[in-house]
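Enquirer: Heads up: the protein sequence lines correspond to chains B and X, in order.
Here the first sequence stands for residues 1 to 688, where the numbers follow the working numbering.
Here the second sequence stands for residues 1 to 688, where the numbers follow the working numbering.
It cannot be assumed that every hint is accurate.
Any copy, or any two copies together, can satisfy a pair, since identical chains are not distinguished.
In the EDC-like style, the derived pairs of lysine to aspartate or glutamate whose C-alpha atoms are separated by at most 16 angstroms in a straight line are [as the list claims (entries may be wrong)]: (1) Lys460 - Asp322; (2) Lys89 - Asp584; (3) Lys418 - Asp477.
For the record, the hints were derived by calculation from the structure and aren't laboratory data.
Protein chains: 2
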Amino acid sequence: MRKSFLAFLVLLLALPLVADEGMWLFNRTPNAIFKQRYNFVPTQAWLDHLQKSSIRFNSGGSGSFVSADGLALTNHHVGLDCLAKISTKGHDYVTTGYYAKTQADEVKCVDLELNVLQSIEDVTARVNASVTPGMTTAAAQAARRGVMSAIEQESVQKSGLRSDVVTLFQGGEYHLYRYKKYTDVRLVFAPEVGIAFFGGDPDNFEYPRYDLDVCFFRAYENDKPVHPADYLKWSAGGAKDGDLVFVSGHPGSTSRLNTLTHLQFFRDVAYPFTLTLLRRREVLLTNYAQRSIENDRRAHDELFGVKNSRKAYLGRIAGLQDPAVLKIKADSEAALRQKVMADPQLSAAYGDAWKNVDAAIAAYRPIYTEFRFVEGGLAFNSALFQTAKTLLRLAEESTKPNGERLREYRESNMPSLKQGLYSEAPIYEDLETVTLADSLSNWLEVAPNDPLVQQVLAGKSPQERASELVRTTKLRDVAVRKTLGEGGKATVDASTDPMIQVARMVDARARELRKQYDDNIAEVLRQSYAKIANAQFKTSGGDTYPDATFTLRLSYGTVKSFSENGKDVASSTTIGDTFEHAADHGNEGEFKLPKSWMEKKTLLDNDKTPYNFVMTADIIGGNSGSPVVNRENEFVGIIFDGNIQSLPWDYQFDDRQGRAVAVHSAGILDALRKVYGVPGLVKELTGK
Amino acid sequence: MRKSFLAFLVLLLALPLVADEGMWLFNRTPNAIFKQRYNFVPTQAWLDHLQKSSIRFNSGGSGSFVSADGLALTNHHVGLDCLAKISTKGHDYVTTGYYAKTQADEVKCVDLELNVLQSIEDVTARVNASVTPGMTTAAAQAARRGVMSAIEQESVQKSGLRSDVVTLFQGGEYHLYRYKKYTDVRLVFAPEVGIAFFGGDPDNFEYPRYDLDVCFFRAYENDKPVHPADYLKWSAGGAKDGDLVFVSGHPGSTSRLNTLTHLQFFRDVAYPFTLTLLRRREVLLTNYAQRSIENDRRAHDELFGVKNSRKAYLGRIAGLQDPAVLKIKADSEAALRQKVMADPQLSAAYGDAWKNVDAAIAAYRPIYTEFRFVEGGLAFNSALFQTAKTLLRLAEESTKPNGERLREYRESNMPSLKQGLYSEAPIYEDLETVTLADSLSNWLEVAPNDPLVQQVLAGKSPQERASELVRTTKLRDVAVRKTLGEGGKATVDASTDPMIQVARMVDARARELRKQYDDNIAEVLRQSYAKIANAQFKTSGGDTYPDATFTLRLSYGTVKSFSENGKDVASSTTIGDTFEHAADHGNEGEFKLPKSWMEKKTLLDNDKTPYNFVMTADIIGGNSGSPVVNRENEFVGIIFDGNIQSLPWDYQFDDRQGRAVAVHSAGILDALRKVYGVPGLVKELTGK
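Using the sequences and the accompanying hints, generate a full structural model.
Expert: This is the structure:
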């Protein structure tokens, strides 16, 4: 009796995996599931090839090598960060697009870093050995941080590769990831934003779609294109309805392991807070952008990001506000807890995890707003302030042993940190003033009686103070930043730059909050979720995958239509449909096609080449730009979105309606050939 | 010694009136000030003529009669409510504009009501006599409400006119206003929204401006145009720099008498709350509007209102977050309190007022959010829900004696209430669902553990519940509303309409909150501000004006340039400048001129006719559409906005930079003649 009851529970927990769920580690792929569901088991060589063809864009996305000469494909909206930074008032790469006819014409990005995963090593035992039973959570955290930094530092010295110890299963395991890093990255081809993001915010997270959301870069080393040993072969035919496909990319973060209490905290506190902030920024930036064409250009990238996040959070909160969705979570959590409690060993090892999560959340609530404003930087929505803060802390943290530093200042992260700190990316005084004034005003709203706010404002209005700070700081000058960044603590301590002074004013309180958060919340959650992950692992009898961590993962699924409001939505659209969609919206605003497309209207109107398509593969933000491959490991498409029904995937996968959305490999070729006439690029991709 | 100190204080308090401050009552105009500053004293006939030429638009604005045949001029953005309601998918009056060539072509508005003030009578003594010393605040409130309803009811019976007892000086005085009412109002001429609101949200509350923000209606009675005894003569030349002008209109509300604590409550609680709500609606409606041309049409009017309010509140909070601005308030308040305290009689009569305001604010804070969501309707952003609530309360309140009812259900207000309740204005199911779902979701965010929310949601997600309610209620049908509205309590009690059921669910709690608000907050504030108003009156020795109450007021000022960022901004723009302003913004989006104007570009490019202009007159929201007249009482312009620097006028007038913005009478004629070619309308206005 008891056994069959347990078996039933196992089945219940395993149920979600009946769907094409999972963001799997490349060193732990669910081959049994692949075999059972699709009668396909990838070989190690197959996996290695895909892994080393996959690219992480550190501006926040994924991509892949698609030619022997280092051509790197990602989404236009991932490339946008670079496009915005190289644009000027006179030359707007975002609006007009770009094609480099020769390699000499390829434009170097300001501060883009690409990472390609070379190896994974499980270092869990060594990390855990640093923590001894009697330790306080703070001491445990320091010990763990120390050994992680040491492992990374050793690895960098040994391999010369970027080395990150990645926390998986919320601390259940620790893996060392070694990356080949590229920092000389150049723009090869970008279409106009009008077709890359055709349909704009209204169509974002929707399907059907008609977007050429692609952007080609080339990786260089020593001023020469790189020749990666692994790159994806282009499938001219691409994928069709019913095909098995794989997605290799870098999902940013998920909350699948989160307890019900934690999700309720998201629903009632964190998500409403974040949405309020995003809406505020959306209105502010829209207003700024509408003032002139140049303003619109300056704010475009940030505004895109804000709208994109706002829509994503709206989808997530909608799921959490649906009692039916929460019930699934509540039921599966209850089943797991019952199973743990029914076994004395499991109960002793993991039984307190849920209570501890509750305690961490309870500790977070009272400091949540202040933590996000003062340490999280919401009080200072300004690149100049963030630079000042980084300079201040860099000076301070560098005086400490590597293992005792705030994690972002560990030695192994220094090159990436300085790449950002000394970036030549433009900082616009007017936009900085607008965003800093608004965020100071917001801080004053949430903490009108906080003496720290008053000290920062120095008797002035937020508007006046922001304007003064932005006008008088010298931190826009990269040389000044370098002098301070390389000058050490004495130099920074002696600085009278007004923005550094403000960063100094808030740093003590910010560090207190950070310490409270790290010790009483993050560390408690880490330990508790490690237990829950272990409990789930041990009771479900095998194959599981960790929550997303912006590290490489393998997803899989089928190209498949879905049903919405009783209607079937076909799995793919065609190039020709684009014109009809534009006309349905009056060819105006977000639905206005660029000139290059309108000029080819007659040619393309009836073009049946597949353009965008959907599949059941499990993705999330960060997967943007991920290559989609077929059984033969050929490039058949590039992920650029998920539909509205996929947004709750953050905490619960469900492929009844949820779908990942991609641009089809055939559609990309068709557009390159017929609209843009770029035979050089087409030949590099296809050999023809 | 003592005397001279007091004299100094009087001077200090009187200082603001050195500026062109004041929204004066028509029965108490500051003739001494007019005389002293401008050597001009309007006669009683002059005042009567202006009063009876002025119109209140009950959709929320002002206007004036400008022809012998009942032509009523207001702003396009005031007429917008009517334009939106008469528009259909096939005919969009907002986008395309309209001109009725003959009276037969004039289009009847759905539910527009115009009021023209006929007389003012001071009834303070009778109202105050109803309150006896020992009464509780609740009893005092009930007594006052009773006598006010009685006065109104008697007046309606005697005069047949709409009769409102208006609370002035926050309860310092009560005046009976009698209005001639027009409910058959027809559209004569509206320009395209693209020129009426040229520059859109970016230009709103800014100057210089280039907007033809006008709209002509005609008042009818018995299916014939009315012939008002008083209407304004059109000045073809209009006003020029330096001219004295008067503004006669209906400022909605101001907070000039508010204490420092009260303003801090606005700054820290009410304004941030309201801005968060407005931004949320702006993002929601923008998203909805962008989905299709038809959606854009449906949401236009509401979205305009939301953006307009958002920008106004931003200006207000910016002022309150400026320590320099608050200091002026703090100083003048301290001076007044000192003066009161220095005089035993004043101290005994008014000394406790500030403390009592503090207590009322303290009582408001803990119920603020729930009050605004549950009784204020923020939980139900839906015309159908508001209809259900009105039907439910109408049935209940009608069973009570007139004096005991909630104020909006008093007999004298019934015709206006029913005009709205039985309005044929379209209600769009999709838009209703979007706004109701979002507001339910918002309520769930602010009160996740409130059983009432759960009861209303009935186990469904906000989206699902909103969709179900909007689909199944029958209240879109005006006949159904009339049956319920005229059927009395038994009929409404028997109704199983789902929206009525929801209104019923929340009504008990909503009424509790309303009672707490009315008794412990509104009434305490009313009594306290009556004392403060009296104290100010008695210590300042004369001319004062009450805070705005959406009743007729007279303002005055000079047509005058101002200085901004060190540059002089000229007092008027020209018709020709419009094309340059459009070109500066790429002739796109909000800066795209309508076809009618672009076709006349060559003709108008160098047209130097004055178009928009600014003056120092004291205005606020509700003044939109107010006529501007010269010494000769001729129409020289129409108010449509204030600049950014005028936004803090809500709580403090300051004409160093703050200006009211108007369309010039010459510019209107020029556009009517050259762009629209409407000789009939021009002849009616000018006789030529």
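Enquirer: If a hint holds in the structure, say so; if it does not, say that too.
Expert: Results for each hint:
Proximity of Lys460 to Asp322 under the C-alpha cut-off of 16 angstroms is restricted to the inter-copy arrangement: shortest distance 6 angstroms between copies versus 45 angstroms within a copy. Taking identical chains as interchangeable, the C-alpha atoms of Lys89 and Asp584 lie at most 16 angstroms apart only when they sit on different chains, with a minimum of 14 angstroms there against 33 angstroms within one chain. In this assembly of identical chains, Lys418 and Asp477 lie within 16 angstroms of each other by CA distance solely inside one copy; the values are 15 angstroms within and 66 angstroms between copies.
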